[in-house]
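Asks: Sequence lines, in order, name chains A and B.
The numbers in our numbering rise by one with no breaks, and the one at position 80 of the first sequence is 84.
The numbers in our numbering rise by one with no breaks, and the one at position 54 of the second sequence is 188.
Simulated from the structure, these hints should not be mistaken for laboratory data.
The reader is advised that the hints may include incorrect statements.
Stated by the list, open to error - Quick partial rundown of chain B residues pointing at chain A, CB under 7 Å, derived from the structure:
#, residue
1, Phe-168
2, Gly-177
3, Asn-235
4, Phe-239
These numbers were taken from a predicted model, which means no experiment stands behind them.
Where is the CB? At the ideal position from N, CA and C, for every residue including glycine.
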Amino acid sequence: DAGVIQSPRHEVTEMGQEVTLRCKPISGHNSLFWYRQTMMRGLELLIYFNNNVPIDDSGMPEDRFSAKMPNASFSTLKIQPSEPRDSAVYFCASSSSSYTEAFFGQGTRLTVV
Amino acid sequence: AQSVAQPEDQVNVAEGNPLTVKCTYSVSGNPYLFWYVQYPNRGLQFLLKYITGDNLVKGSYGFEAEFNKSQTSFHLKKPSALVSDSALYFCAVRDPPGGYNKLIFGAGTRLAVHP
Chain A
5 DAGVIQSPRH
15 EVTEMGQEVT
25 LRCKPISGHN
35 SLFWYRQTMM
45 RGLELLIYFN
55 NNVPIDDSGM
65 PEDRFSAKMP
75 NASFSTLKIQ
85 PSEPRDSAVY
95 FCASSSSSYT
105 EAFFGQGTRL
115 TVV
Chain B
135 AQSVAQPEDQ
145 VNVAEGNPLT
155 VKCTYSVSGN
165 PYLFWYVQYP
175 NRGLQFLLKY
185 ITGDNLVKGS
195 YGFEAEFNKS
205 QTSFHLKKPS
215 ALVSDSALYF
225 CAVRDPPGGY
235 NKLIFGAGTR
245 LAVHP
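Just chain B, same shape as in the assembly:
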């Protein structure tokens, strides 16, 4: 069964510093991977995805993620954090066509960017 793990409940970063939010996955076949962000009292917003191609994927708001097949990881990164990046971040995995195609989310990582 597909699954995704976010090993950190919270990540603290100083504004201007690079940030990394970790994600590892387990899925049969080639994974479809996603990152979402949730601000308080809001729905989840799509940030970026990896389907195929380059391992480094660029998304919204300056975020990027690196797909590493050997380590089954899909870490979210940003070169310079902003206070406004503080939010709850979710990694998600979806089985490719031929499977059930469910979209499963990790537990979420709270990012706190301090001025």
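With the rest of the complex left out, here is chain A:
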């Protein structure tokens, strides 16, 4: 298996633009997580899906952020409009059940200028 695949690896965008981050979880995994990592705030859980259904989105910072999982093999995290403070590394992770470890993608480094 190729592992969790995230795209793009790097994204530079101007403030106010829409940004879409993509994630393909490991085949057969039924849990998917989106995290944001910054120096100041560490690794924050943004949203968690189980069987394609959002279970907890309490970590989503504000309405500018939205996430979808239309099927078991694809998820998106969208920021609209983007702001410089959204600059961070965004990770997607998946796991095969409710009590196993999660496997992480390589991350998307987002820079909003």
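Got chain A sorted already, so can you dock chain B onto it with the hints?
Replies: Frame of chain A, contents of chain B only:
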């Protein structure tokens, strides 16, 4: 609500010496505990986990961790540190089935192993 704390921002160890990276947790019920490592510009890599059973758990690269229920701790250990172990280490906790099953991470501890 579940939480995990890593009290040390950085741990410095000489190569060849034993290392310990500390972690304490708070969760309702029995915890599922994990350790991950992150190298620069990389994603997090799974090291080991405690679900049930023996309190001493062995994982990748010679690392092990000891689960202590009375102290609500899950410290990461290695008998002899290598320079290549230098990285950022994260402890994580997950509620058991029946809860939300979120995977929550600590703030991370930077391990520096000096030659």
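Asks: Does Phe-168 (chain B) pass the interface check with chain A, least Cβ-Cβ distance below 7 Å?
Replies: holds (6 Å)
Asks: Under 7 Å, Cβ to Cβ, is where Phe-239 (chain B) needs to be relative to chain A, so tell me if that hint holds or is violated.
Replies: holds (4 Å)
Asks: Close enough to count: is the Cβ of Gly-177 (chain B) nearer than 7 Å to one in chain A?
Replies: Hint holds; Gly-177 (chain B) Cβ to chain A Cβ min 4 Å, cut 7 Å.
Asks: Does Asn-235 (chain B) hold up as a contact with chain A if the rule is Cβ-Cβ below 7 Å?
Replies: holds (4 Å)
The structure is consistent with each of the numbered hints, conforming to all of them.
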